[in-house]
Amino acid sequence: APHLFQLRAHMYQARGLIAADSTGLSDPFAKVTFTSHCQTTKIIPQTLSPTWNQMLLFNNVVLYGDGEEIAQFPPEIVIELYDDDAVGKAEYIGSTVAAPVVRLADQKYEPPKLSYHPVYCGNLSGGDLLATFELLEIPESDPDSLPPVDPPDVSQIYPVPANIRPVLSKYRVEVKLKKVQLLSVDRPQVLIECAGKGVKSSVIQSYKKNPNFNVLADCFEVELPENELLHPPLSICVVDWRAFGRSTLVGTHTVNCLKQFLYKAQPAPQNTSNRLE
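Residues 1 to 277 (full-length UniProt numbering) make up the sequence shown, in order.
Please note: incorrect hints may appear among the correct ones.
As the list claims (entries may be wrong) - Pairs of lysine-lysine, DSS-like flavour, derived with a Cα cap of 25 Å:
hint, residue 1, residue 2
1, K31, K42
2, K259, K178
3, K200, K176
4, K259, K176
5, K264, K197
6, K209, K170
7, K178, K209
8, K197, K170
9, K209, K179
10, K89, K113
11, K42, K89
12, K113, K259
13, K197, K178
14, K31, K108
15, K264, K170
16, K208, K176
17, K197, K259
18, K264, K176
19, K259, K170
20, K259, K200
21, K200, K178
22, K89, K31
23, K197, K208
24, K209, K176
25, K42, K208
26, K113, K170
27, K179, K200
28, K178, K42
29, K200, K170
30, K176, K197
31, K42, K108
Said to hold, decoys possible - Label pairs and their in silico Cβ distance ranges:
hint, residue 1, residue 2, range
32, K197, V154, 21 to 27 Å
33, A162, A86, 32 to 38 Å
34, V215, V154, 45 to 51 Å
35, E174, H37, 44 to 50 Å
36, V215, V97, 42 to 48 Å
37, T23, V97, 25 to 31 Å
38, Y64, C219, 53 to 59 Å
39, A19, Y116, 17 to 23 Å
These are calculated hints, taken from the structure and not from any lab test.
Think of the CB as a built atom: it goes at the ideal place given N, C-alpha and C, for glycine as much as any other residue.
Whenever a hint applies, use it, and build me the whole structure from the sequences.
The structure is reproduced here in structure tokens:
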């Protein structure tokens, strides 16, 4: 017998994606395919850890068979990640598969939890996708009785519902810049990014004459999940500036665990701020 479902793909963020651009970054978007249905997320420019915070709604998905069997063995969802290219074709940077959490019409609703899905590009590890997927049966008697969703933004993009997305706290990331060592570079610059925010160092004008940065410290504010397991990584990227305003990538590094840098202020009557340094 046919069963009518709505699939909700809660695409929150990804981390550690493959760099496809000469800048050492990508412009990632995800393509989500379920049976014969397909949708894509928005594009997040110049990052390896995009936060989409986007829910893709697949309406009127028809599945055949016994309801209990569908709940136990639902079709898998394929998620492909691409680097958008302003000119030419988008470049494939990895994929993963996931099984949806199924709720039949007669079952009580529980919001699903976000989890990490490992991404692979061929045999290469291509980072992780933080997402969850739910397949909700639409009751014949009351098709409008599905759990409510938050209203879409001006561009008709639905956010991940508040009861699914992580609780965020504001942090300040403090960066101390010492000097560039052991690199065959001439005019290096360091870019540091976390959760879509970041800082750029000054460009060292002549590495051979003086390998030190003019500005030795910088900081930026960022919102991070209270659950440390969901923290995005911190990415560090070094570029070398050449003649005519061209830059070339020297190298990248990803700090996956921010916990080691977490500073919590000692309890004081007036001060409860957190920061990363």
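Now the hints, each set against the structure:
1. Taking the CA atoms of K31 and K42, the gap is about 10 Å. The hint holds against a cut of 25 Å.
2. Under the criterion of a C-alpha separation no larger than 25 Å, the hint pairing K259 with K178 is consistent with the structure, at around 22 Å.
3. Taken as a hint, the K200 and K176 pair is honoured in the structure, with Cα atoms around 12 Å apart against an allowance of 25 Å.
4. Pair hint K259 plus K176 holds up; C-alpha atoms about 17 Å apart against a cutoff of 25 Å.
5. A C-alpha spacing of about 21 Å is found between K264 and K197, which places the hinted pair at or below 25 Å, so the restraint holds.
6. A distance of roughly 39 Å separates the Cα atoms of K209 and K170; the hinted pair therefore is violated under the 25 Å criterion.
7. Simply put, K178 and K209 have alpha-carbon atoms about 15 Å apart, close enough for the 25 Å limit, and the pair holds.
8. Taking the CA atoms of K197 and K170, the gap is about 12 Å. The hint holds against a cut of 25 Å.
9. Proximity of K209 to K179 is assessed by CA-CA distance (about 12 Å); at most 25 Å being required, the pair is judged to hold.
10. Of the supplied pair hints, the one linking K89 and K113 is violated, its CA atoms being roughly 34 Å apart against a limit of 25 Å.
11. A distance of roughly 16 Å separates the Cα atoms of K42 and K89; the hinted pair therefore holds under the 25 Å criterion.
12. Under the criterion of a C-alpha separation no larger than 25 Å, the hint pairing K113 with K259 is consistent with the structure, at around 22 Å.
13. Simply put, K197 and K178 have alpha-carbon atoms about 21 Å apart, close enough for the 25 Å limit, and the pair holds.
14. The suggested pairing of K31 with K108 is violated, with an alpha-carbon distance near 30 Å, which exceeds 25 Å.
15. The straight-line distance between the Cα atoms of K264 and K170 is roughly 12 Å, inside the 25 Å bound, and the hint therefore holds.
16. A distance of roughly 21 Å separates the Cα atoms of K208 and K176; the hinted pair therefore holds under the 25 Å criterion.
17. As the CA atoms of K197 and K259 are separated by approximately 18 Å, the hinted pair is consistent with the 25 Å bound.
18. For a cut-off of 25 Å, the pair hint linking K264 to K176 stands: about 18 Å separates their Cα positions.
19. With a C-alpha separation of about 15 Å, the suggested pair K259 and K170 falls inside the 25 Å cut-off, and the hint holds.
20. For the given pair, K259 sits about 23 Å from K200 by alpha-carbon distance, which is consistent with the 25 Å threshold.
21. A distance of roughly 14 Å separates the Cα atoms of K200 and K178; the hinted pair therefore holds under the 25 Å criterion.
22. For a cut-off of 25 Å, the pair hint linking K89 to K31 stands: about 14 Å separates their Cα positions.
23. At most 25 Å may separate the alpha-carbon atoms for a hinted pair to count; K197 and K208 exceed this at roughly 31 Å.
24. For the hint pairing K209 with K176, the CA-to-CA distance comes to about 21 Å; that is within 25 Å, so the pair holds.
25. The straight-line distance between the Cα atoms of K42 and K208 is roughly 43 Å, outside the 25 Å bound, and the hint therefore fails.
26. With a C-alpha separation of about 22 Å, the suggested pair K113 and K170 falls inside the 25 Å cut-off, and the hint holds.
27. Restraint check: the Cα-Cα separation between K179 and K200 comes to about 14 Å, which is no more than 25 Å; the hinted pair holds.
28. In summary, the hint linking K178 to K42 is not supported, as the alpha carbons are separated by about 37 Å, beyond the 25 Å threshold.
29. At most 25 Å may separate the alpha-carbon atoms for a hinted pair to count; K200 and K170 meet this at roughly 20 Å.
30. Restraint check: the Cα-Cα separation between K176 and K197 comes to about 17 Å, which is no more than 25 Å; the hinted pair holds.
31. Proposed proximity of K42 and K108 is contradicted: the alpha carbons are some 32 Å apart, above 25 Å.
32. Hint check: K197 to V154, Cβ distance near 22 Å, so the stated range 21 to 27 Å holds.
33. A C-beta distance of roughly 34 Å is found between A162 and A86, which places it inside the suggested range of 32 to 38 Å.
34. Checked against the given bound of 45 to 51 Å, the beta carbons of V215 and V154, roughly 37 Å apart, lie outside it.
35. Judged by the Cβ atoms, the range 44 to 50 Å given for E174 and H37 holds: they are separated by roughly 45 Å.
36. For V215 and V97, the hinted distance range of 42 to 48 Å is satisfied, since their beta carbons lie about 45 Å from each other.
37. For the pair T23 and V97, the beta carbons lie near 30 Å from each other, so the given range of 25 to 31 Å is met.
38. At about 56 Å, the CB distance of Y64 to C219 agrees with the hint of 53 to 59 Å.
39. Between A19 and Y116 the Cβ separation comes to about 20 Å, which falls inside the hinted range of 17 to 23 Å.
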